[in-house]
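Participant: Chains as they are written, first to last, in my numbering: chain A, 1 to 254; chain B, 255 to 710.
Calculated from the structure, these hints are not laboratory results. It is possible that part of the hints are untrue.
SDA-like mimics (lysine to any residue), calculated; alpha carbons at most 20 Å apart, straight line [said to hold, decoys possible]: (1) A:Lys86 <-> B:Arg281; (2) A:Lys86 <-> B:Pro353; (3) A:Lys219 <-> B:Glu288; (4) A:Lys103 <-> A:Glu156; (5) A:Lys221 <-> B:Arg280; (6) A:Lys92 <-> A:Pro47; (7) B:Lys383 <-> B:Arg498; (8) A:Lys180 <-> B:Pro353; (9) B:Lys397 <-> B:Pro357; (10) B:Lys397 <-> B:Phe346; (11) B:Lys321 <-> B:Thr445; (12) A:Lys92 <-> A:Gly139; (13) A:Lys180 <-> B:Arg498; (14) A:Lys109 <-> B:Met270; (15) A:Lys221 <-> B:Asp294; (16) A:Lys180 <-> B:Glu480; (17) B:Lys271 <-> A:Arg87; (18) A:Lys221 <-> B:Arg498; (19) A:Lys109 <-> B:Pro357; (20) B:Lys321 <-> A:Glu234; (21) A:Lys221 <-> B:Lys291; (22) A:Lys92 <-> A:Val209; (23) A:Lys221 <-> B:Arg281; (24) A:Lys86 <-> B:Lys291; (25) A:Lys180 <-> B:Arg280; (26) B:Lys271 <-> A:Glu234; (27) A:Lys219 <-> B:Arg285; (28) B:Lys271 <-> A:Gly62; (29) A:Lys103 <-> B:Asn277.
Which chain A residues face chain B? A few, computed with CB under 8 Å, are given here [said to hold, decoys possible]: (30) Asp175; (31) Phe177; (32) Leu178.
Since the model is a prediction, treat every value here as computed from it, not as a measurement. Idealized CB from N, CA, C, for every residue including glycine.
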Amino acid sequence: MAAAEACVGQVVLPGDVLLLPAHPDEDGERLRLGGGAAPRGRLLCGPGLRRCAAGLLVTKCGLLRHRQTGGGAAAGGAYWVDSQQKRYVPVKGDHVIGVVTAKAGDVFKLDVGGSEQASLSYLAFEGATKRNRPNVQVGDLIYGQFLVANKDMEPEMVCIDSSGRSNGMGIIGQDGFLIKVSLGLIRKLLAPKSEIIQELSQLYPFELVLGMNGRIWVKAKTVQQTLIIVNILEACEYMTAEQRKQALAKFSGN
Amino acid sequence: MTRSARASSPSSRPAMKATPLSNCERRFLLRAIEERKRLDGRQCYDYRNVRVSFGADRGCCIVELGKTRVLAQVSCELVPPKLNRPTEGILFFNLELSPMAAPGFEPGRQTELLVKLNRLIERCLRNSKCIDTESLCVVAGEKVWQIRLDLHLLNHDGNIIDAASIAGIVALCHFRRPDVSVQGEEVTVFTPEERDPVPLSIHHMPICVSFAFFQQGTYLVVDPSEREERVMDGLLVIAMNKHREICTIQSSGGIMLVKDQVLRCSKITAVKVAEITELIQKALENDRKVRKEGGKFGFAESIPNQKITTFKMESAAVDTNNVEEQAEEIITKADPPSEVFAKPILHTPGTAQIGEGIENSWGDLEESEREEAVEEEGESEATAFEVQKMETEDTSTLREAEKDEPIVLSDSEEEEVIILEPQELPTKARPQANLKQENTSKKAFNKRRRKKRAVR
Numbered sequence: 001m002a003a004a005e006a007c008v009g010q011v012v013l014p015g016d017v018l019l020l021p022a023h024p025d026e027d028g029e030r031l032r033l034g035g036g037a038a039p040r041g042r043l044l045c046g047p048g049l050r051r052c053a054a055g056l057l058v059t060k061c062g063l064l065r066h067r068q069t070g071g072g073a074a075a076g077g078a079y080w081v082d083s084q085q086k087r088y089v090p091v092k093g094d095h096v097i098g099v100v101t102a103k104a105g106d107v108f109k110l111d112v113g114g115s116e117q118a119s120l121s122y123l124a125f126e127g128a129t130k131r132n133r134p135n136v137q138v139g140d141l142i143y144g145q146f147l148v149a150n151k152d153m154e155p156e157m158v159c160i161d162s163s164g165r166s167n168g169m170g171i172i173g174q175d176g177f178l179i180k181v182s183l184g185l186i187r188k189l190l191a192p193k194s195e196i197i198q199e200l201s202q203l204y205p206f207e208l209v210l211g212m213n214g215r216i217w218v219k220a221k222t223v224q225q226t227l228i229i230v231n232i233l234e235a236c237e238y239m240t241a242e243q244r245k246q247a248l249a250k251f252s253g254n
Numbered sequence: 255m256t257r258s259a260r261a262s263s264p265s266s267r268p269a270m271k272a273t274p275l276s277n278c279e280r281r282f283l284l285r286a287i288e289e290r291k292r293l294d295g296r297q298c299y300d301y302r303n304v305r306v307s308f309g310a311d312r313g314c315c316i317v318e319l320g321k322t323r324v325l326a327q328v329s330c331e332l333v334p335p336k337l338n339r340p341t342e343g344i345l346f347f348n349l350e351l352s353p354m355a356a357p358g359f360e361p362g363r364q365t366e367l368l369v370k371l372n373r374l375i376e377r378c379l380r381n382s383k384c385i386d387t388e389s390l391c392v393v394a395g396e397k398v399w400q401i402r403l404d405l406h407l408l409n410h411d412g413n414i415i416d417a418a419s420i421a422g423i424v425a426l427c428h429f430r431r432p433d434v435s436v437q438g439e440e441v442t443v444f445t446p447e448e449r450d451p452v453p454l455s456i457h458h459m460p461i462c463v464s465f466a467f468f469q470q471g472t473y474l475v476v477d478p479s480e481r482e483e484r485v486m487d488g489l490l491v492i493a494m495n496k497h498r499e500i501c502t503i504q505s506s507g508g509i510m511l512v513k514d515q516v517l518r519c520s521k522i523t524a525v526k527v528a529e530i531t532e533l534i535q536k537a538l539e540n541d542r543k544v545r546k547e548g549g550k551f552g553f554a555e556s557i558p559n560q561k562i563t564t565f566k567m568e569s570a571a572v573d574t575n576n577v578e579e580q581a582e583e584i585i586t587k588a589d590p591p592s593e594v595f596a597k598p599i600l601h602t603p604g605t606a607q608i609g610e611g612i613e614n615s616w617g618d619l620e621e622s623e624r625e626e627a628v629e630e631e632g633e634s635e636a637t638a639f640e641v642q643k644m645e646t647e648d649t650s651t652l653r654e655a656e657k658d659e660p661i662v663l664s665d666s667e668e669e670e671v672i673i674l675e676p677q678e679l680p681t682k683a684r685p686q687a688n689l690k691q692e693n694t695s696k697k698a699f700n701k702r703r704r705k706k707r708a709v710r
């Protein structure tokens, strides 16, 4: 058993048990799952970690990450495992891209790449009423957010935020192209000030929608330009930052 | 391995649904095909990279066709022959689509696709009479060899039939059955230690080549990928051997094909089959040599490991205070430079491949960009080659820079350390110059290609 702090940035494997970090204030030791603002010194258990009697049990293989949450208490912060996988597991609040597979009564069934299809009410669009239904066809792409994502229940999506605004969500246009990449790459692209996105945006204008379920929708002016972006994004999976910069420099130089 | 897969019990849980194809994907693919563009930067008549690797046992191989992978295993046993054919051995072919290949596949279920593929394999390998079944007879009417070919799809990225037919024939060519002797009534089966196992007698190697048709046959694409298969209107599969004899031809999808089109397809097939046959023979020869010399062979040796570099830790700030101590440390613990970066293609024993296939498809993009400008076609091969060269050149310049202090770099993290040193600055300009050089040489390379095409 190793202390959790010592393992940050290292590879952990399922079954590893990490010792809880030493906590100066005893009351702040309770563990909570998921995100959200944590009080001082509180420890958060992110994806790939589970609390067990002895400490933290690792359930995925990957790199152990740690982030100090605000306040700066020595023992607090969030721990999670950065793992490489392709299969998406719905998480409440995630923005994903789904494909409409069926229209059943007043709900649409969406394929989001999870083990089960998600349901989306036709009322969960901005400005939708019983009279004014959104025009959704089978096969359309929808960018939405998970409202309900439980282990044993059908996930439920919405295309509006809590104030009823669309906030960028809704039906994605008929043009463009959809690709699937690993979840790790999506997280990397969605990171604030992602280098890849910044470098790409200097090439030429294009539209991009990133779903946490590993799907990316791309649209540029021509088929050719779209294909270029698609291939760059797919190639990013297997390149180091160094290689990417080199290749992009070569690309924009031509 | 094959046995356990076959014995998988029907699970109570239903298989996952296959990912549906969205309208925008369909539309985009069709538009791209109209513009004669393909997702991976191939031309309409280009085949994906084919790689053949052999297992440790005889008669076992994996064939990769782009990202499609098929595992083949041949086995044999002595059985009584069929009543109506007492002097002929028995051939048995079986292709299986496991959910490992694509989430939509269910184990042990006879889907329409599976039946169609099995039927095609059978027609390609059995009905073309490529294996001499009479030579499999041990005692007429009593004992014959039954040769069983199991094919497993490991990953599905389109064109299963081509990959399966290549894997099947390679495995059959690679297979050795135990030697037998008949003295009177007594049949002796020799172990490999007693007598060398004997190969099957194979007359020719039939190989399938698939053509996908779009817009009622207006557009034609060779070796369709999974997404192209989903939007195609019709499929034409031609099995041919290198003597240009058509072994099987099948058109599905119900499209009307013009005579010229079929003739054109058969001509393309002849070219592709010649290439693939040569590759197979080279791979078999390579494997034979390695086994004879007692070198390392088998999947563990021949399949290059793919590295995912997305999560690689990058040292953000470099402490330059104790660089010299660090350098000393590196010298003491020096390893040979990591071979992965230097040569992405492993020409290890038991492998052979068409083209220089590495994971990134940078070349293609870059190629397509130029295509816009110069309105010229390129080949991913050429650029992949270039990328590889660039990498090697890069490391070599770095190593040159180290001449004054003989450090052998083993870690990319340490490379950064050295780049940041002030006296190393002039070398930074080097890769750029190399780049330009590369560009010109590539153009020349392309020109050569163009000429070749014109000749063709």
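Participant: All hints are to be evaluated individually against the structure, with a verdict given for each.
Facilitator: Results of checking the hints against the structure:
{"no.": "1", "hint": "A:Lys86 <-> B:Arg281", "result": "25 Å, violated"}
{"no.": "2", "hint": "A:Lys86 <-> B:Pro353", "result": "15 Å, holds"}
{"no.": "3", "hint": "A:Lys219 <-> B:Glu288", "result": "18 Å, holds"}
{"no.": "4", "hint": "A:Lys103 <-> A:Glu156", "result": "14 Å, holds"}
{"no.": "5", "hint": "A:Lys221 <-> B:Arg280", "result": "18 Å, holds"}
{"no.": "6", "hint": "A:Lys92 <-> A:Pro47", "result": "13 Å, holds"}
{"no.": "7", "hint": "B:Lys383 <-> B:Arg498", "result": "15 Å, holds"}
{"no.": "8", "hint": "A:Lys180 <-> B:Pro353", "result": "18 Å, holds"}
{"no.": "9", "hint": "B:Lys397 <-> B:Pro357", "result": "42 Å, violated"}
{"no.": "10", "hint": "B:Lys397 <-> B:Phe346", "result": "16 Å, holds"}
{"no.": "11", "hint": "B:Lys321 <-> B:Thr445", "result": "38 Å, violated"}
{"no.": "12", "hint": "A:Lys92 <-> A:Gly139", "result": "24 Å, violated"}
{"no.": "13", "hint": "A:Lys180 <-> B:Arg498", "result": "40 Å, violated"}
{"no.": "14", "hint": "A:Lys109 <-> B:Met270", "result": "15 Å, holds"}
{"no.": "15", "hint": "A:Lys221 <-> B:Asp294", "result": "19 Å, holds"}
{"no.": "16", "hint": "A:Lys180 <-> B:Glu480", "result": "13 Å, holds"}
{"no.": "17", "hint": "B:Lys271 <-> A:Arg87", "result": "13 Å, holds"}
{"no.": "18", "hint": "A:Lys221 <-> B:Arg498", "result": "45 Å, violated"}
{"no.": "19", "hint": "A:Lys109 <-> B:Pro357", "result": "18 Å, holds"}
{"no.": "20", "hint": "B:Lys321 <-> A:Glu234", "result": "14 Å, holds"}
{"no.": "21", "hint": "A:Lys221 <-> B:Lys291", "result": "15 Å, holds"}
{"no.": "22", "hint": "A:Lys92 <-> A:Val209", "result": "19 Å, holds"}
{"no.": "23", "hint": "A:Lys221 <-> B:Arg281", "result": "15 Å, holds"}
{"no.": "24", "hint": "A:Lys86 <-> B:Lys291", "result": "27 Å, violated"}
{"no.": "25", "hint": "A:Lys180 <-> B:Arg280", "result": "15 Å, holds"}
{"no.": "26", "hint": "B:Lys271 <-> A:Glu234", "result": "24 Å, violated"}
{"no.": "27", "hint": "A:Lys219 <-> B:Arg285", "result": "13 Å, holds"}
{"no.": "28", "hint": "B:Lys271 <-> A:Gly62", "result": "28 Å, violated"}
{"no.": "29", "hint": "A:Lys103 <-> B:Asn277", "result": "15 Å, holds"}
{"no.": "30", "hint": "Asp175", "result": "6 Å, holds"}
{"no.": "31", "hint": "Phe177", "result": "4 Å, holds"}
{"no.": "32", "hint": "Leu178", "result": "5 Å, holds"}
Checked against the numbered hints given earlier, this structure breaks hints 1, 9, 11, 12, 13, 18, 24, 26, 28; the rest are met.
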